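Colleague: So you can see what is in the structure, the chains are spelled out below.
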Amino acid sequence: QKEVEQNSGPLSVPEGAIASLNCTYSDRVSQSFFWYRQYSGKSPELIMSIYSNGDKEDGRFTAQLNKASQYVSLLIRDSQPSDSATYLCAVKRAFGNEKLTFGTGTRLTIIP
Amino acid sequence: DTAVSQTPKYLVTQMGNDKSIKCEQNLGHDTMYWYKQDSKKFLKIMFSYNNKELIINETVPNRFSPKSPDKAHLNLHINSLELGDSAVYFCASSVQTRGPGLFPDTQYFGPGTRLTVL
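Protein sequence lines correspond, in order, to chains A and B.
In this text, residue positions in the first sequence follow our numbering: the first is 65, and each later residue adds one.
In this text, residue positions in the second sequence follow our numbering: the first is 279, and each later residue adds one.
Rather than coming from a laboratory, the hints here were simulated on the basis of the structure.
The structure displayed is predicted, hence computed values, not measured ones.
Some hints could be false.
[To be verified] DSS-like cross-link-like pairs, simulated, lysine-lysine; straight-line CA separation at most 27 Å: (1) B:K297 with B:K349; (2) B:K319 with B:K345; (3) B:K319 with A:K163; (4) B:K287 with B:K330; (5) B:K349 with A:K106; (6) A:K120 with A:K106; (7) B:K349 with B:K300; (8) B:K322 with A:K106; (9) B:K345 with A:K131; (10) B:K300 with A:K163; (11) A:K106 with B:K318; (12) A:K131 with B:K297; (13) B:K297 with A:K163; (14) B:K297 with B:K330; (15) B:K322 with B:K300; (16) B:K314 with B:K300; (17) A:K66 with B:K319; (18) A:K106 with B:K319; (19) A:K131 with B:K300; (20) A:K66 with B:K314; (21) B:K349 with A:K131; (22) A:K163 with B:K330; (23) A:K120 with B:K349; (24) B:K314 with B:K297; (25) B:K297 with B:K318; (26) B:K300 with B:K318; (27) A:K131 with A:K120; (28) A:K66 with A:K120; (29) B:K318 with A:K66; (30) B:K318 with B:K287; (31) A:K163 with A:K106; (32) A:K163 with B:K287; (33) B:K345 with A:K163; (34) A:K120 with B:K297; (35) A:K66 with B:K300; (36) A:K66 with B:K345; (37) B:K287 with B:K300; (38) B:K287 with A:K131; (39) A:K163 with B:K318; (40) B:K318 with B:K349.
Please model the complete structure; the sequences and the hints are all you need to start from.
Modeller: Given below as structure tokens:
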């Protein structure tokens, strides 16, 4: 079982709709959860971090965490063509000097 | 500009050669990382330094040797390059302490170095 699993996609969503990206992780002691966006040929860019169960909203982005189910998701409302990218889920065991483990990413395409 | 920078951006070399990649951050961070992203886009940690001390050393061939002369710089030297070393190498940095303008636990990535071994 991979440590962090994501559906590789591609996920196609019409412009203006909600894009839903999912991620599961295997290490129960994981404490920190991140969503990175990576455009083709560019470096990963952090868009959301979440540490507690529940929802965390930032603009059009909402991260959801359920530690009991070992599941973290990212919702993108009012999807725009500029949201087309690969979204990487990353998990960390604890704060501080622990490694960040990435999933393989989900490629999202927003269709105008 | 405040950022994480890497040189070179592209590196094309022959099998068996030795090459180095340099990374610098001016964000005032105390922790730096090297990641490898393969052709399938899987991003995997290789090394991490905190205040010049090696704290993460994943299962990486010993042909790869990181070096951190100070907490703002992290270099990666690769000996006897192999075809399988072809990838994009990303440097990243983060800070472990809280403070004004500092966001602990958040890693900021450099632009990457695309290494092609022929």
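Colleague: Holds or violated: B:K297 and B:K349, Cα atoms, limit 27 Å.
Modeller: holds (22 Å)
Colleague: What's the verdict on B:K300 and B:K318, does the C-alpha distance respect the 27 Å limit or exceed it?
Modeller: Holds, at roughly 24 Å.
Colleague: Straight-line Cα separation of B:K319 and B:K345 no greater than 27 Å?
Modeller: holds (25 Å)
Colleague: Measure nothing beyond the straight line between the CA atoms of B:K300 and A:K163; if it is 27 Å or shorter, mark the hint as holding.
Modeller: holds (21 Å)
Colleague: Does B:K349 lie within 27 Å of A:K120 when you go C-alpha to C-alpha?
Modeller: Judged against 27 Å, a Cα distance of about 33 Å means the pair is violated.
Colleague: Can you confirm whether the C-alpha distance between A:K66 and B:K345 stays at or below 27 Å?
Modeller: violated (30 Å)
Colleague: Is it true that the CA of A:K163 sits at most 27 Å from the CA of A:K106?
Modeller: Measuring from Cα to Cα gives roughly 22 Å; hence the hint holds.
Colleague: Below or equal to 27 Å on CA atoms is what counts here, so check A:K66 against B:K300.
Modeller: violated (31 Å)
Colleague: Between B:K318 and B:K349, is the straight-line Cα distance small enough, at 27 Å or below?
Modeller: Judged against 27 Å, a Cα distance of about 31 Å means the pair is violated.
Colleague: Would you mind confirming whether the straight-line C-alpha gap from A:K106 to B:K319 stays at or under 27 Å?
Modeller: holds (11 Å)
Colleague: Keeping to a limit of 27 Å between CA atoms, is the pair of A:K66 and B:K319 held or broken?
Modeller: The hint holds at about 15 Å.
Colleague: Holds or violated: A:K131 and A:K120, Cα atoms, limit 27 Å.
Modeller: Cα-Cα ~14 Å, so holds.
The structure is inconsistent with the numbered hints 9, 12, 19, 21, 23, 34, 35, 36, 38 and 40, although it conforms to all the rest.
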